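**Q** Below are the chains, spelled out letter by letter.
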Amino acid sequence: MANLQTHPAEGERRVPKGRAERVRRRRVPIGPLEYCRRWWLQLIVGTTFLLLYAPIATLVAFSFNDSRRNIVWRGFTFDYYVKAWNNQSLFDAFVNSLTIAVINTAVSTVLGVLAALLLWRFRFPGKAVYEGFTALPIVIPEICMGVAMMAFFARVGWPTGLPWPLNLSNITISHIAFSFPFVAVIVRGRLIGFNRELEDASKDLGASEWQTLRHIVLPYLRPGVVAGALIAFTLSLDDFIITFFTSGPDTITLPVKIFSMVRFSVTPEVNAASTVLIIITVIATVAATRLQAPTRRGNPGGG
Amino acid sequence: MEQVAPIISIQGVTKRFGAVVAVDDVALDIRPNEFFALLGPSGCGKTTLLRMLAGFETLDEGTISIGGKDMTDVAPNRRPVNMVFQSYAVFPHMTVFENVAYGLRVVRTPSSEIDSRVREALEMTQLNDFAGRKPDQLSGGQRQRVALARALVKRPQVLLLDEPLSALDAKLREAMQLELVRLQNSVGITFIIVTHDQNEALSMADRIAVMEGGKIRQIARPSELYEFPNCRFVADFIGKMNLFEGRIAGRESGKIGIEVAGLGQLWLPTDDGGAMPAQAGDVGIAVRPEKVRLHREAGPGAGGGAAGDHRIGLPGKVHQIAYYGDTSHVFITLESGQILSANLQNEARSAAHSVAVGEDVWCSWDPGDVLVLTT
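Keeping their order, the protein sequence lines are chains A and B. Residue 121 in numbering that gives the first Met the number 0 is what sits at position 122 of the first sequence, and the numbering runs on without skipping anything. Residue 20 in numbering that gives the first Met the number 0 is what sits at position 21 of the second sequence, and the numbering runs on without skipping anything.
Some hints could be false.
Below, simulated DMTMM-like cross-link-like pairs (lysine to aspartate or glutamate); rule was C-alpha separation at most 25 Å, straight line [to be verified]: (1) B/K254 <-> B/E162; (2) B/K133 <-> A/D199; (3) A/K126 <-> B/E56.
These are computed hints drawn from the structure, not numbers from a lab. Keep in mind it's a predicted model, so treat the numbers as computed, not measured.
Whole structure, please, built from the sequences with the hints as guidance.
**A** Next up, the structure:
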C-alpha cells in the first residue's frame with residue numbers, strides 16, 4: 000500500500016491481478032440500502048416477512064388440523080374443507096361474495112376508466128371539484144361510508160324480497176361507489192405517461208375519435224385497467240365494514256359470515272373458508288400480473 | 000418562376016395562445032412536388048403552422064387550402080396530408096406491419112390492397128425485414144422509417160415532417176437527409192419539413208421560409224437565402240456572419256460609401272442587384288467568415304479600398320482558433336476591438352501555412368461579398 004501511495008501510477012501498473020481487484024473492491028462504498036451487504040437490513044426484511052406471513056401460514060396450516068379447537072395440532076385432515084363446503088349458509092355467503100365481486104369489478108372498471116379519461120382529456124368548469132370528489136371515497140373512513148350507505152338505503156328502501164342476485168344490489172352499489180375511484184386513480188397514473196402525439200398520429204392517419212380510443216388509447220391503458228380491475232375485485236371480495244352495514248339477514252357475504260362464526264368460536268372451518276379466500280385472491284393477482292406482462296415495457300415512442 | 004397552382008395556399012393565418020401570438024398574419028404558397036422547409040429558432044411558430052396544416056390547431060384568422068380545396072375547418076382525419084411526428088409516435092403495441100397498415104385499416108381498405116401497399120411502403124423505406132418487429136425492438140432510425148412508411152402508405156398530397164431528424168445522432172441524420180431527398184424524388188409528393196437546423200434546411204429543401212416571432216422573414220432558395228439574406232436576423236441565423244454597424248456617408252456612380260466604425264470608409268459597388276438604401280441612414284455591413292482571407296503581410300486593400308486594389312483589408316491579431324478538421328475557424332481581434340471570424344480550409348496536411356494564436360494577420364475580402372442590410 001505504501002508503494003501505491005508514493006508512486007500511484009507505477010504501483011497500479013505493477014500490482015498483480017488479484018490484488019488489483021481487491022484494491023478496487025475496497026474503494027466501492029456500501030450503499031445505504033444495499034441489501035446483500037448490510038446484515039441489519041436482512042434482519043429487518045426477515046422480521047417483516049415473518050410478522051407478515053407467519054399468521055397467514057398458521058391460519059392455512061390449522062385449516063388442516065384434526066381438532067375442534069385451533070390451539071394444538073392433532074393431525075392432518077381435509078374434513079373442515081368438506082364441512083365448510085357443506086355448510087349451506089357459508090356456501091351461500093361465498094357465492095354472494097363472488098357474485099358481488101364480479102359485478103363490482105365489471106362496473107367499477109368501466110366507470111373508473113371513463114372517469115380517468117374524462118379528467119385527462121377534457122377541461123370543464125368545476126373540474127378540480129369533480130376530481131376532489133372522485134377521490135373522496137378513497138380517503139373517507141370506511142365506517143363513515145358504511146353508516147352513510149345504511150342511512151341512504153334506509154331512506155330509499157332495501158332490496159329485500161327481490162330474487163337473487165337482485166337482493167344483493169345495495170351491497171353491490173356500495174362496493175362500486177368505493178372501488179371505482181381506485182380504478183380511476185390507477186388508470187389516470189398510466190395516462191400521465193401517454194404520448195399525446197400517438198393520438199394525433201392516429202387521427203392524422205384517418206382514424207376517428209372512437210377508433211383512436213379503441214385502437215390506440217385503450218390498448219395503451221390495458222396494464223392500468225387490469226391492475227384497477229384486480230384492485231376492485233379484491234376490495235370487494237374482502238370488504239367487511241361497508242358490507243356489514245348494508246347486508247341483511249339473507250344477503251351475507253363471506254367476510255361477514257366468517258366474522259359471525261368467529262364470534263362463537265374459531266374452528267378450523269373458519270380457517271378453511273379463509274384459506275379459500277386467500278387462494279382466490281392470490282390466483283387473481285397472479286393472473287393480473289401475467290396479463291400485464293407483455294405490455295409492461297410501456298411506451299417507447301414517448302418523449 | 001412559372002405559374003403553377005399552389006398545392007398549399009396559406010392566407011392571412013394568425014394563431015394566438017392567450018396573449019402570445021404564435022403565428023402572425025402568415026401568407027405562403029407552396030408548389031406541387033416542392034421540398035419546402037420552415038426554418039426558425041424554437042418558439043417562432045413553425046411547428047404551430049405545421050400543426051395547422053395537419054388540422055391539429057384551429058385558426059384564429061385566415062384560410063388554408065390544400066389541393067385547391069378549403070381545409071380551414073376540416074378535421075385532421077379528413078385532410079389529404081400526413082405527418083411524421085417529432086417523437087415518431089409509432090404505436091408501441093403494434094408491429095411494424097400493423098403500424099403501417101393502421102392508416103389503411105381504419106378507412107376500411109380491402110385487405111388484399113392493404114397487404115400490397117404496406118409491402119410497397121416497407122420496401123421503399125427498407126423495412127421489409129422488420130415487418131414483424133415491435134417498436135421497442137427497433138433503433139431510432141428504424142422507428143423513424145416506420146413513421147415515414149406509415150405516412151407514405153396513405154399516399155398523401157403533402158407530407159408534413161415535424162423536426163424529423165432531431166432525435167438522431169449526427170451520422171444517421173446526414174444519411175437520413177439524403178434518404179429523405181431521394182424518397183421525395185421517387186414518390187413525387189410535396190414535403191414540408193419543420194426544422195431549427197439550418198444545415199438540414201439548406202441541404203434538403205428547394206425553398207426555405209425563415210420564421211421569427213410568428214412572422215416569415217424571408218422565403219428563398221437555399222443559395223439565395225445564404226448569399227442574399229434580406230435582414231440582420233436571417234443573416235445571423237443562417238450560417239455565421241461578421242456584422243458591422245455603419246452609416247451611409249457618400250455616393251458615386253455605381254458605388255456607395257459607407258462609414259464603418261473601426262473600418263473607415265468602405266466603397267461598395269451598387270450594381271449587383273441588392274436593394275441599396277436610397278437615403279442616408281444606419282446600415283449593417285455583413286461578410287461571411289469563409290469569404291475572409293488572411294495574409295501574413297499587410298497586403299490587399301492596404302490603401303483603404305478606394306482606388307487601385309479593390310479588396311477591403313485591415314489588420315488584426317489572432318485571438319482564438321477552433322479546429323474542425325476540414326476547416327479551422329479563426330477569431331481575430333481587430334484594432335477596433337471587434338472580433339472578426341474567418342473560416343480557413345485546411346487544404347494541406349502540413350501546418351506551415353496556418354496561423355497561430357497571437358499572430359498579427361492582415362484580413363481581406365472582396366467588396367462584392369459584402370452585404371448591406373437595412374433591417
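**Q** Hey, B/K254 versus B/E162, does the alpha-carbon distance stay inside 25 Å?
**A** 44 Å, violated
**Q** CA of B/K133 to CA of A/D199, is that 25 Å or under?
**A** Since the Cα atoms of B/K133 and A/D199 sit roughly 20 Å apart, the hinted pair holds (cutoff 25 Å).
**Q** Between the alpha carbons of A/K126 and B/E56, is the straight-line distance 25 Å or under?
**A** 23 Å, holds
Hint 1 alone, counting from the list given before, is not met by this structure.
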